[in-house]
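Undergrad: Let the sequences and hints guide you as you build the complete structure.
Reading the sequence shown from the start, the letters are residues 1 to 225 in full-length UniProt numbering.
Since the hints were derived computationally from the structure, they do not count as laboratory data. Glycine included, each C-beta is placed from N, C-alpha and C at the ideal position. Honestly, I wouldn't trust all of these hints.
Unchecked claim - Label-pair restraints from in silico Cβ distances:
| no. | residue 1 | residue 2 | range |
| --- | --- | --- | --- |
| 1 | 114 | 197 | 31 to 41 Å |
| 2 | 197 | 106 | 14 to 24 Å |
| 3 | 176 | 199 | 17 to 27 Å |
| 4 | 218 | 45 | 16 to 26 Å |
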Amino acid sequence: MAHGLLADRTGTQAESLKSGQTVPGEDLNPEILSAYREAASWALALGRDHLAIADVGAGVGRDLLYIRQSFGQLGLPLQVVAVEPNELAWPALQERLLWCSGVVVKDAAELSAGSFDLAVLQQVLCSADAPQQLLAELRGALKPGGGLLFVEHMCSSLGFRLLRPLQWTLCGCDLCRDPAALLRSFAWQELAITCFDAPVLGVPLVPHIRGLAIKAEVSSGHDFL
Numbered sequence: 001m002a003h004g005l006l007a008d009r010t011g012t013q014a015e016s017l018k019s020g021q022t023v024p025g026e027d028l029n030p031e032i033l034s035a036y037r038e039a040a041s042w043a044l045a046l047g048r049d050h051l052a053i054a055d056v057g058a059g060v061g062r063d064l065l066y067i068r069q070s071f072g073q074l075g076l077p078l079q080v081v082a083v084e085p086n087e088l089a090w091p092a093l094q095e096r097l098l099w100c101s102g103v104v105v106k107d108a109a110e111l112s113a114g115s116f117d118l119a120v121l122q123q124v125l126c127s128a129d130a131p132q133q134l135l136a137e138l139r140g141a142l143k144p145g146g147g148l149l150f151v152e153h154m155c156s157s158l159g160f161r162l163l164r165p166l167q168w169t170l171c172g173c174d175l176c177r178d179p180a181a182l183l184r185s186f187a188w189q190e191l192a193i194t195c196f197d198a199p200v201l202g203v204p205l206v207p208h209i210r211g212l213a214i215k216a217e218v219s220s221g222h223d224f225l
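TA: Structure, rendered in structure tokens:
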């Protein structure tokens, strides 16, 4: 099931939290953590007295662990808006937002235009109902000069294409999308993409990309290249 542009992928984890079980995978991937820390260093250089961050497809709050370990070390007040369509996940999200000024909303369309220094997408474009529209909404929600931090997996082999129907049925995840091409289709002031391998659902080496896309300080009037 999906709501708006984000697929609902968090039901199992949210039910585990409601029953008091621990959600697995609390350890942080060092490559992904590096992406967050690089984005935090970039954000600090903006010279702002506080930072507004949109965590899109927040799930039960795993992204927030990375945000806390990176942006939480900057010594700046943080306002985090977690976007998550599955309301079963909200109690866990709200608990993980206690360390900062944070709220939870249901859809990315609720994000105010030009209000955020940073938007975070971690393995979201693979499951969004309309990924291009979602990126356009997030780009619009960024302040001029704001950044989009992304961590997404890539399709690279016949095996991934063969698994595509099963993965979509079980997890609402399309293994064959090309997030790098999608990101490059937008007009960014800067776009940095790094490739790496990381485990996904027991598969040990899944190709990923991570990086930062910077919105232009002055709009050119064109969203796409």
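Undergrad: Against this structure, judge whether each hint is valid.
TA: Structure-based check of all given hints:
1. A beta carbon spacing of about 36 Å between residue 114 and residue 197 agrees with the range 31 to 41 Å that was offered as a hint.
2. A beta carbon spacing of about 33 Å between residue 197 and residue 106 contradicts the range 14 to 24 Å that was offered as a hint.
3. Under the hint 17 to 27 Å, the C-beta atoms of residue 176 and residue 199, about 19 Å apart, fit the expected range.
4. The supplied range of 16 to 26 Å is met by residue 218 and residue 45, whose beta-carbon atoms lie about 19 Å from each other.
The structure shown violates just one earlier hint, number 2.
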